[in-house]
Amino acid sequence: MNFMDWITNLDRRWLYLLVGVFAIVPLIFPLGMPVNVSPAVQSLYDHVEGMNPGEIIMVSMDYGPSTGPENDPMACALIRHALSRDLRIVMLALYPIGGVNEGIQELQRCVGDLDPPNGVLESTKFPGKIYGKDFVYLGYKDGGLATMRQMNENIHEVFPSDYWQTPVTEYELSNEVQGYDDVNFAFSVATGIIGEWWANTVNAQFGLPVAVGCTAVSAPKYFAYYNAGQMFALLGGLKGAAEYERLVLDNYPQAKADTEEQVFYAAKGWDVQSVVYSIITIFIILGNVAYLLERRRTRMQL
Amino acid sequence: MLKKKIPVLLCFLAGLLPIISFFFTSPGDGLREANDTLEQWLVVVSGFALLLGVISVFQVNLRKISNRSKGWVNAIYLLASLVIMGAFGLMDAFSEMPGWGWVGTSGNTGFNWIFDAIFQPLQSTMFSLLAFYVASAAFRAFRARNLEAGLLLAAAMVVMLGINPYVVKVLPFLPEWTRWIMNGPNAAAQRGIIIGAALGAASMTLRILLGIERSWLGLQEGE
Amino acid sequence: MSFIPRSALSKVLVAAPFLLQASSALAQEEEVIGWGIVSDNVAALILFTLFSGVVLYQIGQARRGKELFIRRIAGLNAVEEAIGRSTELGRKVMFVPGIGTVGEVETLSALSVLKHVAKHCAEYGTPLEVPNKDPLTYAAAREAVKEAYLEAGRPDLFNEEMVPYLTYDQFAFTAQVTGKMVREKPAANFLIGSFFAESLLLAEAGQSTGAIQIAGTAQVAQLPFFVTTCDYTLIGEELYAASAYLSKDPVMLGCIKGQDIVKAIVLLWIVIGILVLSATGSTIMQDLLNSSLGN
Amino acid sequence: MHIFFAMAPLNTPDGFGIWVGAFFTLCILSFLYKDNPFFRFAESIFAGCSLGYYIGNTFSQTIVPNVLEPLVHDGHTPFISWGWWVLVIPIIIGVNLYTRYIPKIAWVARFSLAIYVGYYAALEMMLKLQGEVLPQSADTIISLVPRGTPMIDWFTSIVVMIGVLCVLVYFFFSAEHKGVLGGVSKVGVWFLMISFGAAFAYTIMGRISILIGRVVFLMGDWLGYGA
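Protein chains in written order, with my numbering: chain E, 1 to 302; chain S, 1 to 223; chain H, 1 to 295; chain X, 1 to 227.
FYI, nobody ran anything at the bench for these hints, they're computed from the structure. Mixed in with the good hints, there may be bad ones.
Some chain E residues flagged as far from chain S (calculated, every beta-carbon gap over 10 Å) [said to hold, decoys possible]:
1. Leu-10
2. Tyr-16
3. Val-19
4. Gly-20
5. Val-35
6. Asn-36
7. Pro-116
8. Thr-124
9. His-156
10. Tyr-163
11. Ala-224
12. Thr-281
13. Gln-301
Now the in silico label distances, taken between C-beta atoms and shown as ranges [claimed, not checked]:
14. E/Glu-261 to H/Glu-81: 31 to 39 Å
15. E/Asn-2 to X/Glu-176: 44 to 52 Å
16. E/Gly-128 to X/Pro-37: 32 to 40 Å
17. S/Arg-63 to X/Thr-12: 35 to 43 Å
18. S/Asn-112 to X/Met-151: 38 to 46 Å
As a list, the in silico DSBU-like pairs of lysine-lysine whose alpha-carbon atoms are at most 30 Å apart [to be verified]:
19. H/Lys-146 to H/Lys-185
20. H/Lys-146 to H/Lys-180
21. E/Lys-133 to E/Lys-221
22. S/Lys-3 to E/Lys-221
23. X/Lys-104 to H/Lys-185
24. X/Lys-104 to S/Lys-64
25. S/Lys-5 to H/Lys-66
26. S/Lys-3 to H/Lys-180
27. H/Lys-66 to H/Lys-185
28. X/Lys-186 to H/Lys-248
29. H/Lys-185 to S/Lys-3
30. H/Lys-248 to X/Lys-178
Since this is a predicted model, take the numbers as computed values, not measurements. Quick reminder that beta carbons are idealized off the backbone N, C-alpha and C, glycines included.
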């Protein structure tokens, strides 16, 4: 049987095998697929670089576990970038299913284990960074758009206590942040529609600069907001995550060391994504070549 | 005669309420309240319906076991896990009722353990099979058999090549093209489908409310 | 567990902007305590009245015996072919009426196709299986199949196990149905109704067994998968026209005609709107669609 | 390298859960090769425990808080107070579904179904007319003369407009598709095909990241790679 016959009658399990193998290999041996930083991503990095120490970023966890591989690395890279630059972070979650867990998971991944009610406040990964002073996690609040509107009036009313049920007024940082005016910009790590609300409500109506990290599937929709100037930066899917992560890792050795300790980070995901896409592309092309040759052969026989 | 007329009439009346309360307000907001109450009721009704399904599952699987028909052992596993998880779930639910604390505590460990260790991995793995299936489906379907299939293939190729970092180095405009296809022709087609389907659904709804369409009731078509 | 598009939740997320708009409209009207019109929904009220009026008129016309034409829908012509092949091969027909509730119009359309399919199966004595995810859809599907067998004069062939309930979980349901497809190799699969991420899992599993597959859904996100893996796909509105097409019932065809007329009006409105906007820069036609009484 | 030597400890409750999760993950993945007893086992367990889960879920989310608890604790006088009836009517409608098991009055079960279908179908009609037909049509109305918007955006809008109109024409049922109508609807089909091809290819990304999630679970949580 020649190659073309093989391709035409390909057993689909060969494809399954290739997809499976290339979903595993990059996790162990990162392939380092090239990453071209796009302007939409560069602008987030430049913005953070341009901030003065002590300024505050609001990070909203607007996704759940199923899009974790895409969204987690975005949150991580931003938290590490911010803490490396002595900026402060207020985190919260608006996504109803699982956002709150993603928040605590990614925060602890970046700063190390925390137990504020029992006095474990200092980050092990970023020594000297203290919960409540340099970063704080307010937990989850339902209501979506309505909540976002309310936060413009008074964040303390929306989040009276933090993730561990400590009143927000007890921590210096959360006490200080009362409205959108108190933060430099908001970063929404989003799946679905919540990131759009940040753009068309919080940015459009209240004037807070907004950046979004969204899943690849919703990226085309989000780029329309980016092009319209309703968000100043956009990370789209694993690609966007890998680009931003690359910028941070190239410039901050601590972030690089921490990130590369993890089983999974954006660059590896980008490897998997681009390799699997390439495999599918190659097979589609081969399939078409075989199909066209076959058609020509039958025509010549006629 | 009643057997046919009553359900059709009930369907019509139940449908009238959301329509009227969508367009009109009434003294004391009574319309909206009535509408909300009916919706609340129907949520409860759908809760009762689940038991219909459970009965069917028991019927089918018990028969399988007693006939020793193919796969009867799996039917035992199925029923056993249903009973165990169902019991944990009921304990969990009733523990919320005041005075029922003795049945267990809310968020009991058995329920959560099965959820985390069995249910959740099964669910997400089944979902992840799609990664393999999209590959084989794309390989088979994207062939330039005729003009339509060729357009399908061409659009897919632009998107797929636009993701490949090596190709993008040579053809840097591809990601931009991808976005254009997604926000242009793709959005157009979707919008067309949505408007058409919404009108189709509206027409179907009228047929249902007027009792013209009633195969779902197990009634003869027509009038 | 965010990826489960539990239909209720996904509906909330999708409908959220709209609901919020509606609730803010209500908030504005707190003072209104008499009979009145919800001002934000005036455009919809006009559309609804127009729609109902046109459709009812067409139904009246149809009753008076006016001949009505309906264009060919390939997927529906293939229904009998698919059942015929199953009969020849002596294998079963599988019909999955989606995973939506019976309250969804898509599911109801699927059920009327199901009844048609069941009737043919009864006539030819071809085994049929209709696995279900939603319990109320299950109840309705069972009624529809039972009635079909009765109408075909073969109530003896109907049994409860033809319409089994499987489970309420989207992917557990999918696992069972794909398992059945691979093991029992039905010669024809109908995947008609409201489908979500499982669409491709079901269609690809069915494809691998060589079954003829006819799909139909109005879920825009799932159509690409059905179109590429099934032999025929009813796209969006074609699904809603299916019952009229299959039954050739003049009253139903009247409805289809009415819906076409409204579609033509919408089209015309868009075209006029474009012309007005281009010529004068006025967005009046657009505003009327978004309009409320107040502005 | 320390791969494969740091598997989750089997003897802790946490570690045991991970092993069970990994086992079931592999059972499902084995279906890719072919149907086998492991997959069938996992499938049965999945079916059973998911249905059990939703029984619990239905009771804890709906039946207990909306029916049983208020019925027992809100102090309504049975048969007399309206509040009691408000709680009992849905139970009657719900229980009525089961009359199908009594052959003589099986047809009564349709009443409940009819109310449910009538309500939701009508609600869906309202949501579709208001939430889909009107805004989507409004968005399609754009100026043929570019007014201040960048050329590329204007061009995209024109393409969207043409596409929407052609696709809608494709959906005309009451006239034969030939002549002009046939030509326009043909263009509509082209738009549909481009859309399906692009959307399919695009969705692959999301599916791959779900697979990554599972692989990370197997490699990281179970085998302990990177721990």
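Structure-based check of all given hints:
no.	hint	result
1	Leu-10	7 Å, violated
2	Tyr-16	5 Å, violated
3	Val-19	5 Å, violated
4	Gly-20	7 Å, violated
5	Val-35	7 Å, violated
6	Asn-36	7 Å, violated
7	Pro-116	23 Å, holds
8	Thr-124	27 Å, holds
9	His-156	29 Å, holds
10	Tyr-163	18 Å, holds
11	Ala-224	6 Å, violated
12	Thr-281	5 Å, violated
13	Gln-301	19 Å, holds
14	E/Glu-261 to H/Glu-81: 31 to 39 Å	59 Å, violated
15	E/Asn-2 to X/Glu-176: 44 to 52 Å	47 Å, holds
16	E/Gly-128 to X/Pro-37: 32 to 40 Å	57 Å, violated
17	S/Arg-63 to X/Thr-12: 35 to 43 Å	41 Å, holds
18	S/Asn-112 to X/Met-151: 38 to 46 Å	57 Å, violated
19	H/Lys-146 to H/Lys-185	24 Å, holds
20	H/Lys-146 to H/Lys-180	22 Å, holds
21	E/Lys-133 to E/Lys-221	36 Å, violated
22	S/Lys-3 to E/Lys-221	50 Å, violated
23	X/Lys-104 to H/Lys-185	37 Å, violated
24	X/Lys-104 to S/Lys-64	27 Å, holds
25	S/Lys-5 to H/Lys-66	27 Å, holds
26	S/Lys-3 to H/Lys-180	36 Å, violated
27	H/Lys-66 to H/Lys-185	45 Å, violated
28	X/Lys-186 to H/Lys-248	25 Å, holds
29	H/Lys-185 to S/Lys-3	39 Å, violated
30	H/Lys-248 to X/Lys-178	22 Å, holds
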